[in-house]
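Undergrad: Spelled out, the chains give:
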Amino acid sequence: MKNLRGTGLKEKDFEREFTVYYKPQLEYRWDTGLAIGKFLEGLRDGKLFGKKCNKCKRILFPPRAFCERCFVDTDEWIEVKDTGTINTYSLCYITWDMKQLKDPQIPAVIEIDGSSGGFLHIAKIDPKQIKIGMKVQAIWKRAGERTGSITDIKYFVAGEE
Amino acid sequence: MKGKAAIVSAGITKFVRRAKETPKELAWYAAKMALDNAGLSLDEVDAVIHGTAPDAFDGVHQKAEYLSDASGAFNKPYIRCYVGGGTGVMAPIYGWYYVASGIFDTVLVVCEEKMSSCRPHPQAAFLTIFDHTTERPLGPNLLWIFALEMNRYMQVNKIKLEDIAMVSVKNKSNAKNHPSALLGSEVTLKDIMESEVLAWPVHRLMVSPISDGAAAIIITNEEKAKKITDKPVWIQGAGWCLDTAFWTGRDLCYPQYVEYAAKMAYKMAGIKNPAKEISIAEPYDPFAYKELHHLEGLQLAPKGKAAELLMDGHFDKNGNLPSSPSGGLLGVGNPIAAAGMMKVCELFWQLRHEASGRQVPGNPKRGVAQAWGDLMQVGTVIVTGVDKP
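Residue numbers (our numbering), protein chains in the order written: chain A, 1 to 161; chain B, 1 to 389.
Rather than coming from a laboratory, the hints here were simulated on the basis of the structure. None of the values given here were measured: they were computed from a predicted structure. It cannot be assumed that every hint is accurate.
As the list claims (entries may be wrong) - Computed beta-carbon distance windows for the label pairs:
#: 1; chain 1: B; residue 1: Asn273; chain 2: A; residue 2: Lys57; range: 35 to 41 Å
#: 2; chain 1: A; residue 1: Lys124; chain 2: B; residue 2: Ser356; range: 49 to 55 Å
#: 3; chain 1: B; residue 1: Lys176; chain 2: A; residue 2: Glu161; range: 48 to 54 Å
#: 4; chain 1: B; residue 1: Lys227; chain 2: A; residue 2: Arg29; range: 56 to 62 Å
#: 5; chain 1: B; residue 1: Lys231; chain 2: A; residue 2: Pro104; range: 49 to 55 Å
#: 6; chain 1: A; residue 1: Thr151; chain 2: B; residue 2: Tyr97; range: 43 to 49 Å
#: 7; chain 1: A; residue 1: Thr32; chain 2: B; residue 2: Leu189; range: 46 to 52 Å
We put the beta carbon where it would ideally sit given N, CA and C, even for glycine.
Given only the sequences and the hints, what does the whole structure look like? Please build it.
TA: Structure representation (C-alpha cells):
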C-alpha cells in the first residue's frame with residue numbers, strides 16, 4: 001500500500017494542462033405517454049388526476065398506466081384535490097451548476113389529498129415556518145396561461161390546517 | 001451456490017480531485033496493482049468485469065469498451081456492470097457469480113471513475129434521472145433528493161443534525177490513515193455545522209467530494225485461491241435489490257431495498273444476527289446521513305437508532321462494530337464505482353490485518369460492504385470473511 005499511483009492536479013494546474021473541450025449539441029422530444037398525457041390535460045384545465053388500481057386500491061398519483069406492485073393495467077381516472085401535506089422538503093441554496101441562491105428554492109414531496117401518493121413540486125412558504133406535516137394548497141397559473149405542464153401549478157403555499 | 005469464490009488480491013490508486021491521468025491510465029494502475037499483488041499474469045485471468053458509472057461523466061459512449069484495454073480485457077470475455085452508485089459493490093458480485101457458478105476460474109474486477117472532466121459540475125450528468133415530464137420542468141438538482149430524504153429520515157426518527165454531522169467527523173478522521181484519501185483530516189463538529197448549507201439539511205462537509213480514482217480485485221475459485229495466498233478472503237454472501245423509481249410514493253425514512261439486499265446476503269452467509277456476527281461494516285456514505293440510514297437497512301442498528309449508537313462510540317474504529325474504518329466516501333473520496341470497490345478492498349485488507357493505521361482491533365472474522373444509487377432505490381451488499389463458506 002505504499003507509493004500508490006495517481007497524479008492530483010492543483011487548482012492552478014488546471015489552466016496549464018493541455019485539455020480538449022467538447023459541448024454536446026443534442027435535442028430530445030419526449031412523448032408524454034398515455035397516463036401522463038391525460039395528467040397534463042388535467043393540469044391545463046386546472047384539475048389533478050390520479051388513476052386507481054382496483055387490485056391494491058391505491059390511487060396512483062401522478063397517474064400511471066400500470067401498477068408496479070400488482071403488475072396490472074390501472075383502472076379508472078379519479079380527480080384528486082389540489083391540497084395536500086408536506087411529506088418532506090429542503091431549502092436549497094444552490095443550482096445544479098453550483099451557483100448560489102440568496103433565497104432558497106424549496107423542493108418538497110407533497111402528499112396529495114385523495115390520492116395514495118406524493119409528487120415533487122415547489123413550495124413557497126417562509127423557510128422559518130415550513131415543516132413536515134404542514135397542509136398546503138396549490139397556486140395555479142391563470143386559465144389562459146396554462147399549457148399542460150407540471151408548471152401550470154406555480155407552487156404550493158401554506159393551506160388551511 | 002455450490003462453488004466457492006475468494007478475493008485474493010486488491011489494487012487501488014490515489015483518489016484525487018482531478019487526476020492528470022486519463023480514465024484508462026487510472027484503470028491500468030489499479031488493475032496492474034491487483035495482478036502484481038497476486039503474482040498473476042494476465043494470461044491467468046479468464047474474464048474481466050468492469051464497473052463504471054454513467055457514460056455522461058466522461059462524455060464517452062460505451063465507456064467500458066473505451067476502458068477495456070486498460071482493464072486487461074484484450075481478447076477476453078468482458079462484462080460491464082452499471083447500477084449507478086451501487087456499481088462498486090455490484091461489480092464484485094458479478095465476479096462472485098461468474099466464479100462460484102464455475103463459468104470462470106479467475107476474474108479481474110476493475111472499477112474506475114473520472115468525474116472531473118464533466119463541466120461545469122458532474123452533477124449535470126445525473127440530471128436526466130428526473131422524470132422528463134413531471135419533474136425536470138421544476139428545475140431540480142441532484143442534491144434535492146438527498147436533502148429530501150435526509151430531512152424525512154431526521155424528522156421521522158427525531159435525529160439531531162449534530163449527530164448526523166458526527167459521521168463526517170468520524171470518517172474524515174479515519175481517512176487520515178488511508179493512502180488513497182483525498183480528505184483525511186481532523187475536523188470538528190463545529191467545522192461541519194458551520195460549513196455552507198447547500199440544500200438544508202445537507203451542509204457542504206456532509207457531502208463526499210467528487211473525485212477521480214480506480215480500484216480492482218481478483219476473485220478466484222478455491223483451488224486457485226490456495227495457490228495464490230494463504231489468506232484468501234471468502235465471499236460468503238451477496239444480495240441486491242431495486243425499489244420503485246416512483247420515488248415520491250414511498251417513505252424515504254427507511255431504505256427497505258437495502259434490508260432486502262442485506263437479508264439475501266445474510267441468508268446466503270448463514271448469518272442470523274448480523275449485529276453480532278459482523279465485525280466490520282463499510283456502508284455507503286456519500287452523505288453523512290446515508291451511513292446511518294444504511295446501517296439501519298443493513299440490520300446493524302435498530303430502525304431510527306443508528307445515530308444513538310454512533311454517539312455511544314459503537315461505530316468508531318475501536319468500537320463494537322467499526323463502521324467505515326476506511327474513512328468512507330466522506331474521507332477517502334467518491335469516484336462513484338471505484339468508491340464502492342474501495343469499501344470491498346477495505347474489508348479485504350482489514351480481514352488480512354493489512355490495514356496498517358486503519359486496522360480495527362481484535363480478530364475481525366467477517367465484514368459487510370454496501371453501496372447504493374440510482375433514484376435512491378438500489379442496494380448492493382456483499383459479505384466477506386476469513387472462514388470458507
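Undergrad: Run every hint past the structure and note whether it holds.
TA: Going down the list of hints, with the structure as the test:
The beta-carbon spacing between Asn273 (chain B) and Lys57 (chain A), approximately 37 Å, falls within the hinted interval of 35 to 41 Å. One distance hint, 49 to 55 Å for the beta-carbon pair Lys124 (chain A) and Ser356 (chain B), holds here, with the actual separation near 53 Å. For Lys176 (chain B) paired with Glu161 (chain A), a C-beta distance near 50 Å keeps the hint of 48 to 54 Å intact. Distance hint check: the CB atoms of Lys227 (chain B) and Arg29 (chain A) are about 58 Å apart, consistent with the given range 56 to 62 Å.
For Lys231 (chain B) and Pro104 (chain A), the Cβ-Cβ distance of about 52 Å falls inside the hinted range of 49 to 55 Å, so the restraint holds. Between Thr151 (chain A) and Tyr97 (chain B) the beta carbons are some 46 Å apart, a value that agrees with the proposed interval 43 to 49 Å. Distance hint check: the CB atoms of Thr32 (chain A) and Leu189 (chain B) are about 48 Å apart, consistent with the given range 46 to 52 Å.
Checked against the numbered hints given earlier, the structure satisfies every one of them.
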